Amino acid sequence: MYKGSGDGGAAKQEAKTQADLAQGMSTIDQQFSQFGPDFYSKAAKDYENYATPQMMDQFRNTKNNLTYSLARNGLLNSGAAVQRDASLNKQLAANESNVANTGQDEANTLRQNVASQRNQLVSQVQAGAAPSQIATSASAATAGLRAPTALPPVGNMFSDWANSYLSNMQANTYNPNTSNIWQMLSMGSYGQPSSAVIG
Amino acid sequence: MYAPLLIAGLAASLGGTGMQIAGNAKAQSALNATRAQEVQQQAGFQKTAQHTVNDSLAQSTMPVAKQQMASGTADRLTAFQALQAAGAPLTDQSGQPTTTNKVIGGTPTEQAAARAGTAGTAWSNLAANAQATEGGYGDWQTAQNVKNAKATGNLSAIGTQASDAASIYPIEQNVALQKGDQLSGWGQFLQTLGSLSMMGASIAAPAAPAAMTAAQGSSFMAGAGPVSAGYAAANPWSTIAAQGANSPITGWASLY
Chain A
1 MYKGSGDGGA
11 AKQEAKTQAD
21 LAQGMSTIDQ
31 QFSQFGPDFY
41 SKAAKDYENY
51 ATPQMMDQFR
61 NTKNNLTYSL
71 ARNGLLNSGA
81 AVQRDASLNK
91 QLAANESNVA
101 NTGQDEANTL
111 RQNVASQRNQ
121 LVSQVQAGAA
131 PSQIATSASA
141 ATAGLRAPTA
151 LPPVGNMFSD
161 WANSYLSNMQ
171 ANTYNPNTSN
181 IWQMLSMGSY
191 GQPSSAVIG
Chain B
200 MYAPLLIAGL
210 AASLGGTGMQ
220 IAGNAKAQSA
230 LNATRAQEVQ
240 QQAGFQKTAQ
250 HTVNDSLAQS
260 TMPVAKQQMA
270 SGTADRLTAF
280 QALQAAGAPL
290 TDQSGQPTTT
300 NKVIGGTPTE
310 QAAARAGTAG
320 TAWSNLAANA
330 QATEGGYGDW
340 QTAQNVKNAK
350 ATGNLSAIGT
360 QASDAASIYP
370 IEQNVALQKG
380 DQLSGWGQFL
390 QTLGSLSMMG
400 ASIAAPAAPA
410 AMTAAQGSSF
420 MAGAGPVSAG
430 YAAANPWSTI
440 AAQGANSPIT
450 GWASLY
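Chains as they are written, first to last, in this note's numbering: chain A, 1 to 199; chain B, 200 to 455.
No incorrect hints appear here.
Here are the simulated distance ranges between beta carbons:
id, chain 1, residue 1, chain 2, residue 2, range
1, A, Ala22, B, Gln258, 21 to 31 Å
2, B, Ala321, A, Ala22, 54 to 64 Å
3, B, Gln381, A, Lys12, 19 to 29 Å
4, B, Ala224, A, Lys12, 21 to 31 Å
5, B, Asn347, A, Ala22, 14 to 24 Å
6, B, Gly358, A, Asp160, 45 to 55 Å
7, A, Gly9, B, Asn347, 32 to 42 Å
8, B, Ser259, A, Ser78, 54 to 64 Å
Below are the DSS-like pairs computed for lysine-lysine, each with C-alpha atoms no more than 30 Å apart in a straight line:
id, chain 1, residue 1, chain 2, residue 2
9, A, Lys42, B, Lys265
10, B, Lys349, B, Lys265
11, B, Lys349, A, Lys45
12, A, Lys16, B, Lys246
13, B, Lys346, A, Lys45
14, B, Lys265, A, Lys45
15, A, Lys16, B, Lys225
16, B, Lys225, A, Lys12
17, B, Lys246, A, Lys12
18, B, Lys349, A, Lys16
Stretches of chain A that chain B covers, calculated by requiring three or more beta carbons in the stretch to come under 8 Å of a beta carbon on chain B:
id, stretch
19, 88-102
20, 116-129
Note that these hints are calculated values from the structure, not bench results.
Remember, predicted model here, so these are calculated numbers, not experimental data.
C-beta: ideal position from N, C-alpha, C; glycine also.
Work out the full structure: start from the sequences and follow the hints.
Here's what the structure looks like:
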């Protein structure tokens, strides 16, 4: 650009503004380059590592409790036990799927947070923040994004299944119209709601 | 004496005019350069912005959407399968038949367990696939949102740069216009000097003609006009006076 004298330093100021903006954007890009696919994969894995032990612990407890219950009734090696196992394992698979998907969702939330933080910094650059200030802000923002966050509680992942299973068992104990469990199992459960298998 | 002064004045005046023209040309040249620079800079911003938009649009196509959804689904299924593999040993902890402990043959209970396990695994895989596919849409949306947010931020920054550059363009134009001021100033000075020299030359010129004679004076006073004898003979006023005496206007209008 043509830079003459006698412009009150406006051209020089404008050139500095442009340079600051470019430097600020470069700083932001550099700071945020650490948020690549590996970072998000690790975030998803972190959630799985957090939730899986809890889920498996709950599974083990639920299965043990129901095993004892079946044993007390002399049904350990029975159709009821088979049905219980099949249903519980399906519930476990559903929970594993939930954990896997929640992990990916957590990673997506993090992706959006990173994008939001980046845009806030870009806004600061546009507003004329000094490059040194942007560097400090970007460093603080990225450190905050890298820091471990409070993960959503796993909750009791098998209580609904256990309650539903026990309720059905109790309700059908003396019900002469209860479906034949062997017939149900031989049919499988494709296209049928889980309650049909349980009940 | 007066001729050299007149020539010098004329030369200075011409030189001054030339310098003023050169000054204006210099200013115009600087103005053109400023305009060209600004246009070039704005074109650069526009090109960068266009590049950003194109890059973003290239990531918004259907093939990319399918690829992102498939990738998201695959990630979710991989995570699910890894969890299933990790949790498999626990599913038969109590010694009861499970989906991972299929027994073909054996007692009716064991056969039922095997069938239930196969059905359960199939059901779980179907459900997990469906859930992962559903999640894949979310992954695509997230990828698009992130991509769009980044593009918007970058475009906004480019817009700010372009706006900043354009905001000082009028100032740069003024600066460019002043580029020829010095030359024009000297030219004006030289022209003034030339004018003064020519004025001085005219003052130093030979004496004026003699004063009018008494006869010329009386003739002038009588409306004969200029004082030269020849001119007095061709007095135009006398002709007009003669025309007025023979006015063609008659009647009451002649009163006006």
